[in-house]
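Enquirer: Construct the entire structure; sequences and hints are all you get.
These protein sequence lines map, in sequence, to chains A and B.
Letter 396 of the first sequence, counting from 1, is numbered 408 in my numbering, and no numbers are missing.
Letter 183 of the second sequence, counting from 1, is numbered 195 in my numbering, and no numbers are missing.
Any given hint could be a false lead.
Put simply, identical chains are the same to the list, so a pair is met inside one copy or across any two.
What the hints assert, rightly or not - The calculated lysine-lysine pairs, modelled on PhoX-like cross-linking and capped at a C-alpha distance of 20 Å, are:
1) K350 x K300
2) K401 x K323
3) K417 x K218
4) K192 x K417
5) K287 x K242
6) K139 x K234
7) K397 x K14
Since the hints were derived computationally from the structure, they do not count as laboratory data.
Values in this document were obtained by computation on a predicted structure and should not be read as measured data.
The chain contents come next:
2 protein chains.
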Amino acid sequence: MKNCLVGQSGGPTAAINASLAGTIAGVRLSTNYDIIYGLKHGMEGLFKDDIVNLTEIFPDEESLIPLIKSPSMYLGSCRYKLPEMDEDEKIYEKVFEYFRVHEIKAFFYIGGNDSMDTVKKLSEYAKAKNINDVYIIGIPKTIDNDLILTDHTPGFGSAAKYVAGSIREIEIDNSIYAVKSVNIAEIMGRDAGWLTASSVLAREDKDSAPHLIYLPEVPFSKEKFIEDVKRQLEIRDHVVVAVSEGIRDENGAYISVDPDKKDAFGHEILAGAGKNLADLVSEKIGVKTRFIEFNILQRAASHMASEVDLKEAYKQGRNAVSLSEMFRTGIMVNITRKDTEDGSYEVEYGAVPVCDIANKVKNVPLEWITEDGCDVTEELIEYVKPLVKGEVETIYKDGLPVYLKPLP
Amino acid sequence: MKNCLVGQSGGPTAAINASLAGTIAGVRLSTNYDIIYGLKHGMEGLFKDDIVNLTEIFPDEESLIPLIKSPSMYLGSCRYKLPEMDEDEKIYEKVFEYFRVHEIKAFFYIGGNDSMDTVKKLSEYAKAKNINDVYIIGIPKTIDNDLILTDHTPGFGSAAKYVAGSIREIEIDNSIYAVKSVNIAEIMGRDAGWLTASSVLAREDKDSAPHLIYLPEVPFSKEKFIEDVKRQLEIRDHVVVAVSEGIRDENGAYISVDPDKKDAFGHEILAGAGKNLADLVSEKIGVKTRFIEFNILQRAASHMASEVDLKEAYKQGRNAVSLSEMFRTGIMVNITRKDTEDGSYEVEYGAVPVCDIANKVKNVPLEWITEDGCDVTEELIEYVKPLVKGEVETIYKDGLPVYLKPLP
Chain A
13 MKNCLVGQSG GPTAAINASL AGTIAGVRLS TNYDIIYGLK HGMEGLFKDD IVNLTEIFPD
73 EESLIPLIKS PSMYLGSCRY KLPEMDEDEK IYEKVFEYFR VHEIKAFFYI GGNDSMDTVK
133 KLSEYAKAKN INDVYIIGIP KTIDNDLILT DHTPGFGSAA KYVAGSIREI EIDNSIYAVK
193 SVNIAEIMGR DAGWLTASSV LAREDKDSAP HLIYLPEVPF SKEKFIEDVK RQLEIRDHVV
253 VAVSEGIRDE NGAYISVDPD KKDAFGHEIL AGAGKNLADL VSEKIGVKTR FIEFNILQRA
313 ASHMASEVDL KEAYKQGRNA VSLSEMFRTG IMVNITRKDT EDGSYEVEYG AVPVCDIANK
373 VKNVPLEWIT EDGCDVTEEL IEYVKPLVKG EVETIYKDGL PVYLKPLP
Chain B
13 MKNCLVGQSG GPTAAINASL AGTIAGVRLS TNYDIIYGLK HGMEGLFKDD IVNLTEIFPD
73 EESLIPLIKS PSMYLGSCRY KLPEMDEDEK IYEKVFEYFR VHEIKAFFYI GGNDSMDTVK
133 KLSEYAKAKN INDVYIIGIP KTIDNDLILT DHTPGFGSAA KYVAGSIREI EIDNSIYAVK
193 SVNIAEIMGR DAGWLTASSV LAREDKDSAP HLIYLPEVPF SKEKFIEDVK RQLEIRDHVV
253 VAVSEGIRDE NGAYISVDPD KKDAFGHEIL AGAGKNLADL VSEKIGVKTR FIEFNILQRA
313 ASHMASEVDL KEAYKQGRNA VSLSEMFRTG IMVNITRKDT EDGSYEVEYG AVPVCDIANK
373 VKNVPLEWIT EDGCDVTEEL IEYVKPLVKG EVETIYKDGL PVYLKPLP
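Expert: This is the structure:
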């Protein structure tokens, strides 16, 4: 038999299940493969021999529809980091022995930067050991949009749509009282400001929100921030600020960070840049201030997913299967935006070597941020605009969205 | 001429513009009235002579559709409290002089408890002064659902839908890691727990979120809370808690203030109830904990409004106009749930004397809260269930919801 294995890893998005669905569909339509198994909780599921038969669970195209439309990760996630090959070769032997036993000929790993690190290490091991019959392919996802060598990442468009849509609702809510006010919305994105920058799509004319946008790409000054807000309050009564959770001062220190807390990858845990700035406005300017954190809803709100995003996520899953059939390995599938004559949005599906991608971060280019550091340019708007387009028909029952829950 | 005047007041909801639209439609269809004017920023607009001609702005039924579907308040709001008649009679004279000059024969005021206080005072003044040609009618709205003598209030159903839908998304997001976790969602409602209680609709079976629900109606004990969470963590890995912002201890003190915590300057740290409880879980139990505040999105998220709610809000606006034509005054329009044979949801539109309503609060009945104080009963579920039903087709352009903004 020739089987496939797929896993999901990292933080959830509204599109990662669409990529899983595309992968399952790709295997089902393939004449090369028999069964596709799903790893529960990413690599952890492999070490615990905790897998499910996805070919059985999703027997046809129709059964995949609820999966495509559901947020989070059907297979569960992990934050597992594979050690370096020379640190613990036994782990690698265990992985490839597992592949051999289950006749796994292709392994697809859907995730962000850390997951691509796993794809890179496994494919490098296979190469070093001359294992030529397992194709290892990464499928990107991250609401942060911070992977290099792909135009954008699945999950980003849906998160951007939620963020921009919610900024519109906040602006309208905010503008009804005849007293001056400042609303500060904190948006996810530790290192890259893509999602915060996308809040600009809420802007219908030059007067609409967001009025100030702060990204981690530009060193943040509290003094300048207060001046920026004061200037805005001279122009209008109601100011909406979009701020990335990852903003840092000129010394690289997060505007709000708990130095004692670290996650499994040794990353600092961020909390409360927006709260910090709201307190600052309240103290220094004294107007009515409110802090709103979009929190996990920005990555989980499938009821407001972008159709473009989910379609592309699905197609990338399909593409990964096709590329494995062409004996490609050690790659991440990617999206390239085509140069069209009329400027319309069209993409091409391809792949790049995963070693060129893992552990690198794609930031918002500085030339897409305005010189005053508190807004973005037309180029950025043109880049993000097509990614949020189209609505996905949510399945409602009794007035509430119905989702496929992750496996227990 | 015989004109009408309408104003909006208090906090925004997703349905208050639907009530405004119903009122405008009612006046347009009436043969008794000529023009309907809108007060900008509620009573403040009257004192500043800041009104708009709504008959001109919304010339037909179609023009009202974007208004119905937009959150917040088209006319703007205020937090104005009318003084008692014997404190400042001049203000009352000014109001009725304004009515006389603009030939206002009916005044509709859409709002919550404070707005009903205004309706009550104005109608009592009219009665005392034998002013018989102005009909003063309140139209309820509040996401808190805390007005008495009406089955429920417009705005509540849409907020409940957003809260329950978001709890579903949080639960799914939350359940993907193989480590125990507690997510605490803080929901609006300072005095009444209706909205927090509605989170129960997210529950698809006995194992689904929310697993614990805390309302302001029951005195809150931190010790019991920790025991409740521990018990839940024995049953399941991922616990979702819905907590009202207004929970108080047995002495009536809000949980949002932690007397033991001080900042670097020795000042008390004010935080939300949810944040406070998340810190407590983290400290006492030590599992992964996250705090989510729905914040203003729960009242502004028109993209997830309840069809039942918006329809009822619209009809209550229509009903207010009809009742004014029957010479009714000093009333608030209301909704009564019918006793149907098959238990299906049907309502009747009526009215009650506003003096019986103003300044009173309808709490969740204690018999609708389980004995252990951390869940709600089947009766509550049956009560809320019909109110979130039906979806409203949001107007999207370029992938984002388009709303009618409040007047500048």
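Enquirer: How would you label the pair K139, K234 (within, between, both, or neither) given a Cα cut-off of 20 Å?
Expert: neither (50 Å within a copy, 57 Å between copies)
Enquirer: When no copy is specified for K350 and K300, does a C-alpha distance of 20 Å or less occur within a copy, between copies, both, or neither?
Expert: neither (46 Å within a copy, 43 Å between copies)
Enquirer: Is it within a copy, between copies, both, or neither that the alpha carbon of K192 lies no farther than 20 Å from that of K417?
Expert: Between copies only: 17 Å across chains, 43 Å inside a chain, cut-off 20 Å.
Enquirer: Under a CA distance limit of 20 Å, which applies to K417 and K218: within one copy, between copies, both, or neither?
Expert: between (41 Å within a copy, 14 Å between copies)
Enquirer: Taking 20 Å as the upper bound on the Cα-Cα distance, should K401 and K323 be classified as within, between, both, or neither?
Expert: Answer is within: at 11 Å inside a copy they meet the 20 Å cutoff, but 29 Å across does not.
Enquirer: Is it within, between, both or neither when you check K287 against K242 at 20 Å Cα-Cα?
Expert: within (18 Å within a copy, 29 Å between copies)
Enquirer: Using 20 Å as the alpha carbon limit, work out where K397 and K14 are close: within a copy, between copies, both or neither.
Expert: The answer is neither: 41 Å in one copy and 49 Å across copies each exceed 20 Å.
In this structure, the earlier hints numbered 1, 6 and 7 are contradicted, and the remaining ones agree with it.
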